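Use the sequences and the hints to build the structure in full.
Residue numbers (this note's numbering), protein chains in the order written: chain L, 1 to 217; chain H, 218 to 434.
It should be emphasised that the hints constitute simulated quantities derived from the structure, not laboratory data. Remember, predicted model here, so these are calculated numbers, not experimental data. Don't be surprised by glycine CBs; every beta carbon is placed ideally from N, CA and C.
Residues of chain H clear of chain L, computed beta-carbon distances all greater than 10 Å:
| hint | residue |
| --- | --- |
| 1 | D284 |
| 2 | D352 |
| 3 | A376 |
Ranges of calculated distance between the beta carbons of each label pair, as one might list FRET restraints:
| hint | chain 1 | residue 1 | chain 2 | residue 2 | range |
| --- | --- | --- | --- | --- | --- |
| 4 | H | E275 | L | W40 | 40 to 46 Å |
| 5 | H | Y323 | L | H209 | 22 to 28 Å |
| 6 | L | H209 | H | E275 | 15 to 21 Å |
For lysine to any residue, the following SDA-like pairs were computed, each having C-alpha atoms within a straight-line distance of at most 20 Å:
| hint | chain 1 | residue 1 | chain 2 | residue 2 |
| --- | --- | --- | --- | --- |
| 7 | L | K122 | H | K311 |
| 8 | L | K9 | H | P225 |
| 9 | H | K294 | L | T199 |
| 10 | H | K311 | H | P373 |
| 11 | L | K9 | H | K226 |
| 12 | H | K349 | H | I359 |
| 13 | L | K122 | L | P156 |
| 14 | H | K226 | L | I7 |
| 15 | L | K94 | H | I411 |
| 16 | H | K342 | H | D352 |
| 17 | L | K76 | H | H426 |
| 18 | L | K37 | H | I400 |
| 19 | H | K226 | L | T197 |
| 20 | H | K349 | H | Y323 |
| 21 | L | K9 | H | H426 |
Protein chains: 2
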Amino acid sequence: MKKTTKIPKATITRLSLYYRQLELLEFDGYRLVSSEKLAWLCQVNPAQVRKDLGYFGEFGIRGVGYDVRDLQAEIKKILAVNRDWNLAIVGIGKLGSAILQHQNLYIRGFKCVAAFDIDPRKIGKISPAGIKIRDIEELEEIARDLNIEIGVITTPASAAQGIADRFRRAHINAILNFSPARITVPECCLVENIDFTVTLDMLTYKLGHDIVQQYSA
Amino acid sequence: MKKTTKIPKATITRLSLYYRQLELLEFDGYRLVSSEKLAWLCQVNPAQVRKDLGYFGEFGIRGVGYDVRDLQAEIKKILAVNRDWNLAIVGIGKLGSAILQHQNLYIRGFKCVAAFDIDPRKIGKISPAGIKIRDIEELEEIARDLNIEIGVITTPASAAQGIADRFRRAHINAILNFSPARITVPECCLVENIDFTVTLDMLTYKLGHDIVQQYSA
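Okay, here's the thing in structure tokens:
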């Protein structure tokens, strides 16, 4: 494998999309797929598919295409999703509950194994997903016991930084942040933000400027 | 304003972030901000802030900085969020309900004015957000009556393309797609995807490859 630090973020996002389409292709009984077909399914151009995969090795056979199952396995390895990951969710409001029950996470090996809140009316209750809602004070202990590696923040913005700090103390070094707050973490920690309004701003920007659709991850 | 089609997508995403921090600065009583401070708050470098804003004009005063309130107004104009937008949400499960009630959308002028489902047990009920859940068959009529411009898909993947086609027939040309399905739309339509698992894949990729944190939108 070549050096991974120079690989564009967009390449990694597209690998996720390729993987998803490969799953569907396998489900439909395909054993081989050309870069042209995979590209068409993912709404990118074939050269992009070849370039993205080329960062990580030689996976296709010229004139034949990619083995659907092998390429899935390779991408899973690259994305490090060839194993399960344990998640903790903090902030069990509407959004937190929805994510706790988000089928797609479980299917893809992202296991929400713990849920936390600060609201005494919620603590101790069993969420509809069947997971007990715990006091945030228990985070460090539970994180250790359940080997939690990814923390999900679904609190209001004002609480987000405090939760990020707690994650760090609990040795949870990867954070998925759904709050609109920007959080600051030390260099050893990873944060990805999902902010619906930022994405909506992208739509309104394009609507406002009459920009036609381009590929978007 | 210069030609907007060449402007990187990441610039638009950062404009959303700048806007958010400017709001907080105004709330805290600041009237001016330097590009250095704004950059620091947004976790980007100052040259990036100046470059991003430079695509759209000259907003700062050398040696003084940006007027916090004026720059907010300019960014709102650029992002076309200087007015409200009406949204329809299709698929009122856990996630759809959470989005219907997502305070942050309303605050930022994204009004969820209609909710649709295909489940007869849901149709006719009032969602906790106070919006009546309607039969998807009513989409075209309601879209016209309520001037809906953005459609939000929170259905399972298998239903997503059908909903996108319905949006198109209802002249809703901008779609925010929360389903893991890739949807195909004609060139006149816009789609932005929010897929939690794609973002989690980015985290696991970095965890798996020991990549330290870089700025991520």
